[in-house]
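Chains as they are written, first to last, in the numbering used here: chain P, 1 to 376; chain Z, 1 to 397.
I should point out that these hints are in silico values taken from the structure, not numbers from a laboratory. Heads up, the beta-carbon is just placed ideally off N, CA and C, and yes, glycines get one too. There may be inaccurate statements among the hints.
[To be verified] Ranges between beta-carbon positions, derived for each pair:
no.	chain 1	residue 1	chain 2	residue 2	range
1	Z	Leu303	P	Thr28	33 to 43 Å
2	P	Thr353	Z	Leu303	30 to 40 Å
3	P	Ala375	Z	Glu34	25 to 35 Å
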Amino acid sequence: MDFSYTETQGMLRDTLARFLADTYDFETRKKMLLRPEGRDPGIWQALATELGILGAPFAEEHGGLGGGALENMIMMEELGKVIAVEPYLQTVVIGGGAMKRAPSAMADAVIPEIIAGNAVIAFAYAEPQGRYDLANLRTTAKADGSGYVLSGHKAVVYAAPWATHLLVTARTGGSQRERGGVELFLIDATLPGIVRRDYPCVDGFQASEIYFENVAIPGDAHIPGGIDLIELLVDEATVAVCGEACGVSRKLHEGTLDYIKQRKQFGQPIGKFQVLQHRMADMFVEMEQIASMALMGALKLESPAAERKAAVSLAKAKVSRSINFVGQNAIQTHGGIGITVELAIGHYFKRATMIENQFGSADFHLGRFEDLTLAA
Amino acid sequence: MHLDFSPEDLAFQQEVRAFIAENYPAELRGKQDEGDELSKEDFLSWHKVLAKKGWVAPAWPVEYGGTGWTATQRYIWSEETARADCIRLMPFGLSMVGPVIYTFGTPEQKAKFLPRILSGEDWWCQGYSEPGSGSDLASLRTKAVRDGDHYVVNGQKTWTTMAQHADWGFFLVRTDPDAKQQEGISFLLIDMKTPGIEVRPIITLGGEHEVNEVWLEDVRVPVDQRVYEENKGWTCAKFLLAHERTGIAGVAASKRGIEKVKTIARAEMDGDKPLIANAFFKRKIAELEMDLTALEFTELRSLAGESAGKGPGPESSLLKIKGSEIQQRLTELTLEAVGHYGAPYFRGFGEGDNEHPIGPDYAHRAAPSYFNTRKTTIYGGSNEIQRNIIAKMVLGL
């Protein structure tokens, strides 16, 4: 057992934190969101070329820095601290994760493009009827000659408006909720028959409803592995979001702490009141547990599937509960100003709230944990 | 960063497992299984086995009798002793006054007391709280007046755990009534057989005699039994409280406790299914396991110095808060799980009483444990005090 970060991991964190401190302050972020594309693509390019850190979790043979889940967690935590709307989760964690397990021809072609900042991948997995069940799919991929024909509707696909590639789950067979027949494909986002309806999300990201209208895709778009691989990728993504939650909750706590030290009522800073001191202590306790659970999840990702799934679900359930507590109390403690768009705190709260249910609510994950470990 | 055990760690784990299997006192195991109250000899039987092996104080520096284990080995030790349901050793000597003596004591004090703590020869108790000084410990009034090479001690202590068995006690006493509260306190080691000491039992909700009042009337204590400087006892007290709080998380024992609750919930029927199939009960187990995992990794981060708090100290308040809450939830779930058989009150089954007790064995201690465990959020600095500590020491409020 070892709980220390390597020097390289420390440098990765510092490099990214310094860059974001210079480029991603609250006012600048607000302006980014107002641009037509809803972000500043220069940031992503800078992460790729100027900082050279989009390769953090990739093998050196692909031009990466040789890291893995911990590097992703570090990146996500720092991005969370500025509520960055960059497609790191979708492109590097999920898309990159799929590419690491993809046939070598696809991996060799796509990973260097991710690292270079040229490829942006969006993960089209959710469907309107499916909630968090990854196998609940109506989207079909019907074999057609050497390729497939894709049909269906994918819901709330984060980063899709910016994407060069779509990572799509679809059925090659089986009934709507059957695990068998669920497959994964990486396709060009501009293929004929892909119809997008783009919109902003409440947390500042851009997303799309995607309709596949008989989209012809090549046979080599298929990534073997089925539902097991998809569950692994979503577990990795879930842990990454827990890492982001860690950064977001630190800022929620820090912002609230600063506020109660300077806000005066009844002739003194409100931080002098014990009721608020205890609330801040409770928020501190929850925030530290978010950090602990994000780390726990990251360290268990390499475990056998059943152990990994149970661990990730415990982590996400706790993170969802805790970030709900931290976020709601941050707003309450700010009082009226907390419910306006004026201060950053409300914007952190909005992202925190979306994190709660992303890849499954606390209830969903507790249920998954129970099914795996608490049989009669 | 990783969770793997090295081949050496795995070998150590096997060694520990085998040692416990071969050496854990059989009589003690039997009493635990029956849910009997444990005697002084019961507590000491396991202590003495470990003392003989040299494993009784893993956290101590090697020069004073510690094991020199790595952090991972200590983790394995606490996991394995909990897995095997070994009793927890009495902390008063090993975890409390022992570290104070080897940190602040004179060479003579170290030589005299440390070996006897390790061997189990001396049973220690803690003279901290007073009837008028609970959370506000520094307001304590038991006074010690210098008379030649002795102090004369007068006052009353309370909540003194296991004082009825104690050979020695460590006491906080006021040696300067005119100084600011924290600055007039000294740390004394007192032989409990000294004339003028009276120990009176306090019976708690589970029916146990665990805590006591200790009355001190003109108790003469040699000056060389004061640890550290006169009027600097608060330094020892704070040091000890921080030590006490980390042990208080009790992660390994709570893990074992959850396994026990699961066993009960698989044995108890709820309609035509085991209780564990009840969605509401199952959810409570899952939530407990979730919070315990969060506590475990917070403790591991804390040990590795990776948590937000600065050094060993304030952040241990976090471990105390969550650890004590989890211990309480465990006993609450156990009591809920045993249903009707939480109610019968078992006292006074004498030695050799073979009459089959009422209800399943696992139900016997359910209610007493629940009542007894209300103490965890109160002792060692109540959880409200822990929040004050976090607010002041970590958050700067």
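Hint-by-hint comparison with the structure:
no.: 1; hint: Leu303/Z x Thr28/P: 33 to 43 Å; verdict: holds, 39 Å
no.: 2; hint: Thr353/P x Leu303/Z: 30 to 40 Å; verdict: holds, 33 Å
no.: 3; hint: Ala375/P x Glu34/Z: 25 to 35 Å; verdict: holds, 29 Å
When the structure is compared with the earlier hints, no violation turns up for any of them.
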